[in-house]
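Trainee: These are the residues of each chain, in order.
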Amino acid sequence: MAIIEIQNLTKDYGLSRGVFDINLEVKEGEIFGFVGTNGSGKTTTIRNMMGFIKPDYGSVKILNHEVNYNTEYLMKHIGYVPGEISFPDIGDGNAFIKIQAEMIGLKNMDYANYLIKKLGLDTFANLKRMSKGMKQKTAIVCGFMGKPDILILDEPSTGLDPLMRELFVELLIEAKQRGATIFMSSHVFEEMEKTCDRVALLHNGNIIDIVDMKTIHHNELKTYKIEFTSNKDYQNFLKEKFNLISKKEKNYQVTVDIMDDQINNFMRTLSMYKVKYIKEEKYTLEKYFLKKMTEEKKND
Amino acid sequence: MISIPLLKQTIKSNWGLWLVSTLTVSLLYIVMKISMGTIAVPSDPDPNVLVPYIMALQDAGLSIDGLFSAIGINPDILTGLATMDGNTLVGIMFYPIVGVLLPLLYTVIVGNKLFASQIDRGSMAFILSTSIKRSKIAITQLTFFVSSLILMFLVAASVDVILALIIDNSLPVDKIILLNLGLLLFSIAMGSLTYMFSAIFNYSKYSLAFGGGLALTFFISKILGLFGSDLFMTMGIGIEPMNIFNKITMISLFNTTSILDDSTTYILYFVILVIVSIICFVTGGIWFTKKDIPV
Numbered sequence: 000m001a002i003i004e005i006q007n008l009t010k011d012y013g014l015s016r017g018v019f020d021i022n023l024e025v026k027e028g029e030i031f032g033f034v035g036t037n038g039s040g041k042t043t044t045i046r047n048m049m050g051f052i053k054p055d056y057g058s059v060k061i062l063n064h065e066v067n068y069n070t071e072y073l074m075k076h077i078g079y080v081p082g083e084i085s086f087p088d089i090g091d092g093n094a095f096i097k098i099q100a101e102m103i104g105l106k107n108m109d110y111a112n113y114l115i116k117k118l119g120l121d122t123f124a125n126l127k128r129m130s131k132g133m134k135q136k137t138a139i140v141c142g143f144m145g146k147p148d149i150l151i152l153d154e155p156s157t158g159l160d161p162l163m164r165e166l167f168v169e170l171l172i173e174a175k176q177r178g179a180t181i182f183m184s185s186h187v188f189e190e191m192e193k194t195c196d197r198v199a200l201l202h203n204g205n206i207i208d209i210v211d212m213k214t215i216h217h218n219e220l221k222t223y224k225i226e227f228t229s230n231k232d233y234q235n236f237l238k239e240k241f242n243l244i245s246k247k248e249k250n251y252q253v254t255v256d257i258m259d260d261q262i263n264n265f266m267r268t269l270s271m272y273k274v275k276y277i278k279e280e281k282y283t284l285e286k287y288f289l290k291k292m293t294e295e296k297k298n299d
Numbered sequence: 000m001i002s003i004p005l006l007k008q009t010i011k012s013n014w015g016l017w018l019v020s021t022l023t024v025s026l027l028y029i030v031m032k033i034s035m036g037t038i039a040v041p042s043d044p045d046p047n048v049l050v051p052y053i054m055a056l057q058d059a060g061l062s063i064d065g066l067f068s069a070i071g072i073n074p075d076i077l078t079g080l081a082t083m084d085g086n087t088l089v090g091i092m093f094y095p096i097v098g099v100l101l102p103l104l105y106t107v108i109v110g111n112k113l114f115a116s117q118i119d120r121g122s123m124a125f126i127l128s129t130s131i132k133r134s135k136i137a138i139t140q141l142t143f144f145v146s147s148l149i150l151m152f153l154v155a156a157s158v159d160v161i162l163a164l165i166i167d168n169s170l171p172v173d174k175i176i177l178l179n180l181g182l183l184l185f186s187i188a189m190g191s192l193t194y195m196f197s198a199i200f201n202y203s204k205y206s207l208a209f210g211g212g213l214a215l216t217f218f219i220s221k222i223l224g225l226f227g228s229d230l231f232m233t234m235g236i237g238i239e240p241m242n243i244f245n246k247i248t249m250i251s252l253f254n255t256t257s258i259l260d261d262s263t264t265y266i267l268y269f270v271i272l273v274i275v276s277i278i279c280f281v282t283g284g285i286w287f288t289k290k291d292i293p294v
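Line order of the protein sequences matches chains A and B.
Read in numbering that gives the first Met the number 0, the first sequence has 291 at position 292, and its numbers run on one by one without any break.
Read in numbering that gives the first Met the number 0, the second sequence has 231 at position 232, and its numbers run on one by one without any break.
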């Protein structure tokens, strides 16, 4: 079942800023990633999903209800972490979390306290003097504490240190195991690779691709980089019939694409050469994204 | 109708300013009333000194008016000054100029904080992402704003009434209550304007430019208008064309002259202030429920 359905969503701010004809579906229990360059329209899409702004054209449906300014009843099911975090001037983090819990009608604070402890959040720090990371943690606690069915997160890990990012990934996985559906925009490819089921690539307000992470994780095509000890071996290897991606004569280096079913043949061939080292070049979402972006820029 | 947690949050983020404004208004009352109280007692002229002067003028077939004209002062000023007392000054100059200052500041700053500043900074996202309706947000903020002003003037008026009871030669208590009620109604109307601009604009700079700009215009016009007022005209220092400023400042709807001379114009003006408030609050509230909020 689709929890979030976005159809032909268009919000035109002029000068080709905004989002144009966005279509996507987020299924129940899925973690859906949303990547894009700065100003590509991620936050605009999310604001439309939250009913903060109205599309010029098209629609967003959440749990089969069309989202608009007056769909606050949907918010009972949604936990939200804003992209730009600013708190009201009401004292310390603890006061804010408490009042936020009252606003969402949350009485049992066990999970909130668990989150605070897990993220190591000092709730007695004044809201005004919080660092970027502390603000982010406070916002994450507020978004997650109600154990909502749907989480909409706008770059939730900005400002977190690598250790905190690991903990945040754990929180995402916990939420997924609970059955929550998650829509998350991010700049951090690593956490997307670890958590997302699918990732949409946004460029200039258009979705240029939606990738199933399985194709990234279980790619049968692997890339290897090999350095030979001598020029002779290097020259001879170039005559072999492998799919050569690049070569560097100065260092006697080659990079080849090998399908998994070719791997034994490849190893046998290599055993006849004096190899200095061999290294797999990981196929990552980031590489995929950069490749797509370069293609897209050529088309522009 | 209203969201209690949001009301709590709004109180928490504004009580400091409320307290400072309320205390300052009360303090101004105390300082002003006590100092006016000391000078308001008319000094009795000593007949032994005065009579020979008048006699001398009369013997020579001259009048006091003639003496003033000879020095170059309009003799009408005498009648003007004769009818003046400290309380008229308090009524006409203190309440609509000094009295409105703090409420003006309070409504401009707090009005902006109710919506525009929260949208501008982004903290409104935390309210909008809960199941509190936008209309409920608007009504909650309205409730806080109006109640805080009422409370401010309950305190100020109480101080004022107590002062009236302990200072001799003060305005009667019923006038004092009416003057404070007028200030309250004006403040609520000013608040309704800043509320409306705050609800319309997504940036503090625009909300403040309109709300603060109007407040400043009203305030300066009131001062400039003073030169064209009846008071200044009778005192002989008036500049009649400057009366135009009294027509462009909303502070004129707080008609202290009418309150003090027992006429009923002020009631009509009070009604106008209430109507302005209702229109602006409703417009602002509805606008807020029907606009894009980019947080």
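Worth flagging that the hints you see were computed from the coordinates, not collected in a lab.
For every residue, glycine included, the Cβ atom is placed at its ideal position computed from N, Cα and C.
Watch out, some of these pointers could steer you wrong.
Claimed, not checked - Heads up, simulated DSSO-like pairs for lysine-lysine below, C-alpha to C-alpha not over 27 angstroms straight-line: (1) 289/B with 213/A; (2) 132/B with 60/A; (3) 135/B with 75/A; (4) 246/B with 132/B; (5) 296/A with 213/A; (6) 75/A with 26/A; (7) 127/A with 204/B; (8) 204/B with 146/A; (9) 75/A with 11/B; (10) 97/A with 11/B; (11) 135/B with 246/B; (12) 11/B with 131/A; (13) 135/B with 97/A; (14) 7/B with 246/B; (15) 273/A with 290/A; (16) 146/A with 221/A; (17) 204/B with 53/A; (18) 132/B with 134/A; (19) 11/B with 106/A; (20) 75/A with 204/B; (21) 289/B with 131/A; (22) 131/A with 204/B; (23) 60/A with 246/B; (24) 26/A with 193/A; (25) 53/A with 11/B; (26) 240/A with 7/B; (27) 106/A with 289/B; (28) 289/B with 127/A; (29) 53/A with 290/B; (30) 132/B with 224/A; (31) 213/A with 247/A; (32) 60/A with 7/B; (33) 204/B with 7/B; (34) 146/A with 174/B; (35) 146/A with 135/B; (36) 106/A with 290/B; (37) 134/A with 7/B.
Claimed, not checked - The following residues of chain B were derived to be distant from chain A, with all beta-carbon distances above 10 angstroms: (38) 3; (39) 49; (40) 86.
Trainee: Does each hint fit the structure? Answer for all of them.
Mentor: Checked hints:
For the proposed pair residue 289/B and residue 213/A, the alpha carbon gap of about 43 angstroms is over 27 angstroms, so the pair is violated. About 19 angstroms separates the Cα atoms of residue 132/B and residue 60/A, which keeps this hinted pair within 27 angstroms; it holds. Restraint check for residue 135/B and residue 75/A: satisfied, since their Cα atoms lie roughly 16 angstroms apart, inside the 27 angstroms limit. Proximity of residue 246/B to residue 132/B is assessed by CA-CA distance (about 40 angstroms); at most 27 angstroms being required, the pair is judged violated.
Proximity of residue 296/A to residue 213/A is assessed by CA-CA distance (about 26 angstroms); at most 27 angstroms being required, the pair is judged to hold. At roughly 19 angstroms between alpha-carbon atoms, residue 75/A and residue 26/A fall within 27 angstroms of each other, so this suggested pair holds. Between residue 127/A and residue 204/B the alpha-carbon distance is near 21 angstroms, which keeps this suggested pair within the 27 angstroms criterion. With a CA separation close to 37 angstroms, the supplied pair residue 204/B and residue 146/A exceeds the 27 angstroms bound.
Using a Cα cut-off of 27 angstroms, the hinted pair residue 75/A and residue 11/B holds, with the two alpha carbons roughly 25 angstroms apart. A distance of roughly 13 angstroms separates the Cα atoms of residue 97/A and residue 11/B; the hinted pair therefore holds under the 27 angstroms criterion. Simply put, residue 135/B and residue 246/B have alpha-carbon atoms about 36 angstroms apart, too far for the 27 angstroms limit, and the pair is violated. With a C-alpha separation of about 23 angstroms, the suggested pair residue 11/B and residue 131/A falls inside the 27 angstroms cut-off, and the hint holds.
For a cut-off of 27 angstroms, the pair hint linking residue 135/B to residue 97/A stands: about 20 angstroms separates their Cα positions. As the CA atoms of residue 7/B and residue 246/B are separated by approximately 40 angstroms, the hinted pair breaks the 27 angstroms bound. For the hint pairing residue 273/A with residue 290/A, the CA-to-CA distance comes to about 33 angstroms; that exceeds 27 angstroms, so the pair is violated. As the CA atoms of residue 146/A and residue 221/A are separated by approximately 40 angstroms, the hinted pair breaks the 27 angstroms bound.
With a CA separation close to 24 angstroms, the supplied pair residue 204/B and residue 53/A stays within the 27 angstroms bound. Of the pairs offered as hints, the one joining residue 132/B and residue 134/A holds, with about 26 angstroms between alpha carbons and a cut-off of 27 angstroms not exceeded. Of the supplied pair hints, the one linking residue 11/B and residue 106/A holds, its CA atoms being roughly 21 angstroms apart against a limit of 27 angstroms. Restraint check for residue 75/A and residue 204/B: the C-alpha separation of about 33 angstroms exceeds 27 angstroms, so the hint is violated.
Pair hint residue 289/B plus residue 131/A does not hold up; C-alpha atoms about 32 angstroms apart against a cutoff of 27 angstroms. Taken as a hint, the residue 131/A and residue 204/B pair is honoured in the structure, with Cα atoms around 25 angstroms apart against an allowance of 27 angstroms. Between residue 60/A and residue 246/B the alpha-carbon distance is near 53 angstroms, which puts this suggested pair outside the 27 angstroms criterion. Proximity of residue 26/A to residue 193/A is assessed by CA-CA distance (about 18 angstroms); at most 27 angstroms being required, the pair is judged to hold.
Restraint check: the Cα-Cα separation between residue 53/A and residue 11/B comes to about 31 angstroms, which exceeds 27 angstroms; the hinted pair is violated. Restraint check for residue 240/A and residue 7/B: the C-alpha separation of about 74 angstroms exceeds 27 angstroms, so the hint is violated. Distance hint between residue 106/A and residue 289/B is unfulfilled; the C-alpha atoms sit about 31 angstroms from each other, more than 27 angstroms. Of the supplied pair hints, the one linking residue 289/B and residue 127/A is violated, its CA atoms being roughly 31 angstroms apart against a limit of 27 angstroms.
Proposed proximity of residue 53/A and residue 290/B is supported: the alpha carbons are some 8 angstroms apart, at most 27 angstroms. Between residue 132/B and residue 224/A, the direct Cα distance comes to roughly 59 angstroms. Violation of the 27 angstroms bound is thereby established for this hinted pair. For the given pair, residue 213/A sits about 32 angstroms from residue 247/A by alpha-carbon distance, which is inconsistent with the 27 angstroms threshold. Between residue 60/A and residue 7/B, the direct Cα distance comes to roughly 33 angstroms. Violation of the 27 angstroms bound is thereby established for this hinted pair.
Distance hint between residue 204/B and residue 7/B is fulfilled; the C-alpha atoms sit about 26 angstroms from each other, no more than 27 angstroms. Among the hinted pairs, residue 146/A with residue 174/B is inconsistent with the structure: their alpha-carbon atoms are about 59 angstroms apart, more than 27 angstroms. Note on residue 146/A and residue 135/B: the hinted pairing holds, with a Cα-Cα distance of about 24 angstroms set against a maximum of 27 angstroms. Of the supplied pair hints, the one linking residue 106/A and residue 290/B is violated, its CA atoms being roughly 32 angstroms apart against a limit of 27 angstroms.
With a CA separation close to 21 angstroms, the supplied pair residue 134/A and residue 7/B stays within the 27 angstroms bound. The claim that residue 3/B lies off the interface is violated: its Cβ sits roughly 8 angstroms from the closest Cβ of chain A, which falls inside the 10 angstroms cut-off. At roughly 64 angstroms, the least C-beta separation between residue 49/B and chain A is larger than 10 angstroms, which holds for a residue marked as non-interface. The Cβ of residue 86/B lies farther than 10 angstroms from every Cβ of chain A, with a closest approach of about 42 angstroms, so its non-interface assignment holds.
When the structure is compared with the earlier hints, violations turn up for hints 1, 4, 8, 11, 14, 15, 16, 20, 21, 23, 25, 26, 27, 28, 30, 31, 32, 34, 36, 38 and for no others.
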